[in-house]
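Asks: Listed here are the chains, written in short residue letters.
Number of protein chains: 4
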Amino acid sequence: MFTFEKQIRVRYADTDQMGYVYYGNYAQYYEEARTEAFRALGYPYKNLETEGIMMPVRSMNVRYYMPARYDDLLTVKVIIPEMPLAKFIFDYEVYNEEKILINQGSTILVLIEKNTNKILRCPDDLKKIFAPYFS
Amino acid sequence: MFTFEKQIRVRYADTDQMGYVYYGNYAQYYEEARTEAFRALGYPYKNLETEGIMMPVRSMNVRYYMPARYDDLLTVKVIIPEMPLAKFIFDYEVYNEEKILINQGSTILVLIEKNTNKILRCPDDLKKIFAPYFS
Amino acid sequence: MFTFEKQIRVRYADTDQMGYVYYGNYAQYYEEARTEAFRALGYPYKNLETEGIMMPVRSMNVRYYMPARYDDLLTVKVIIPEMPLAKFIFDYEVYNEEKILINQGSTILVLIEKNTNKILRCPDDLKKIFAPYFS
Amino acid sequence: MFTFEKQIRVRYADTDQMGYVYYGNYAQYYEEARTEAFRALGYPYKNLETEGIMMPVRSMNVRYYMPARYDDLLTVKVIIPEMPLAKFIFDYEVYNEEKILINQGSTILVLIEKNTNKILRCPDDLKKIFAPYFS
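Residue numbers (the working numbering), protein chains in the order written: chain A, 12 to 146; chain B, 12 to 146; chain C, 12 to 146; chain D, 12 to 146.
No lab work stands behind these hints, which were simulated from the structure alone.
Keep in mind that a hint or two might mislead.
Which copy? The list can't say, so a pair holds if one copy fits it or any two copies do.
Stated by the list, open to error - When the alpha-carbon atoms are kept at most 27 angstroms apart in a straight line, the in silico DSSO-like pairs for lysine-lysine are as follows: (1) Lys57 x Lys98; (2) Lys110 x Lys129; (3) Lys57 x Lys139; (4) Lys125 x Lys110.
If you're wondering where the values come from, they're calculated on a predicted model, not measured in any experiment.
Please model the entire structure based on the sequences and the hints provided.
Replies: Here it is as structure tokens:
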């Protein structure tokens, strides 16, 4: 298992007139956290695209337990629960400053060759990076 | 069962550098479609808030089958599969111009009294509006 | 002079915790309105990109007179005040349902060849389309 | 004069299909930077709203010199050029990692009493905070 934590400050733009973070904006928090997870692993996501590989999202689940509010400093925990081969599972736990779990989510992503649109398996260099966490 | 269809044109702002609609933006399409569904029923969602009732989202599931792209004219079908009592289930099907199902989702919403934060059951006037579709 | 009007319904996602449309979101309304203006002229903006031409924004000015709110049906008037040659000026006036001018803006866009990043002058077929409005 | 610098990482969500940061998203970067400027001054913007004061934007100007791209680590410099009395002027300079100025903007904000909608002058405690920078 691989885990990583990223702190994200809620912007005014993220709120809606309920005073909550708009329910669609957690997708951005998840994205920012998983980007930083990749960077922490030494394999910036940007490099994948430079190599002609895209990583679209296939599914997302989100559960909203408590609202996040403007200026909250959230902690987004990213969990990769299993060795990524054909698909990448990322689970997310969002905590507020009182360390209460306010939101939980999961996404499945796949790798696609940009030019051919063909689904790829996890490249060897990425596999090597993940291997130590799943042995 | 109640169903409703809303057409939505993809904005440039909605796309990302893959040339796809960003995966988090479907939440906005779902919201726009369910707002219009409420209006079509003769009960604008805005009225709920005027009465001091909020309708936060409790969970969302999204499955991405094919990308939507800039300027696509999408059809978002909203389905209310069961009579809303304590919770409101909305299912969504997103079709492109070739009538291919490219995205599918589901959200569960609840009613909350704004001042007390207490969960409410479906008000009688709303129940009367929904009743004919679930008999 | 060329003018065009587009109606836009404010989404919940567009609001912030003040209960106003977030100040950055007018850029999306402007974009949607100018896209529809191009379509009305018979030259969908999408076609430009298909021909390898991009149209980035060089400057934007926005003045906020009154807030727009959730579910408001806004009218965005697009004005092209002069024949576009090297640059495209678009002015915008946003009216609420009471026909009060609540927001005003202006953007300058240029044409760029995607592969070379070179600035282009207005292509002849586009010029022919605009000519009748500026004679 | 008061100046402050905030680093912001470009999210995938911020890009559009040109591969640029969407032109409307700089408003969010400006907002995030000025929020952090207030915090650095020891007067979190959130406190204003707790005291029943809102700070809506009256005007915004943006000039786009070069695109920002996915994963760029931008530096947003906030400049308060004059002592805020009835209105708050914030200027912004956005630099990329090569320290090139890629974007420049300015916003004017005012203070409004939430309940009465009346425009307020800068409260004394805020004035005291700003005074040392404008003497």
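Asks: All the hints need checking, so say for each whether the structure fits it.
Replies: Here's how the hints hold up against the structure:
no.	hint	verdict
1	Lys57 x Lys98	within (18 angstroms within a copy, 33 angstroms between copies)
2	Lys110 x Lys129	between (41 angstroms within a copy, 23 angstroms between copies)
3	Lys57 x Lys139	within (18 angstroms within a copy, 42 angstroms between copies)
4	Lys125 x Lys110	between (40 angstroms within a copy, 25 angstroms between copies)
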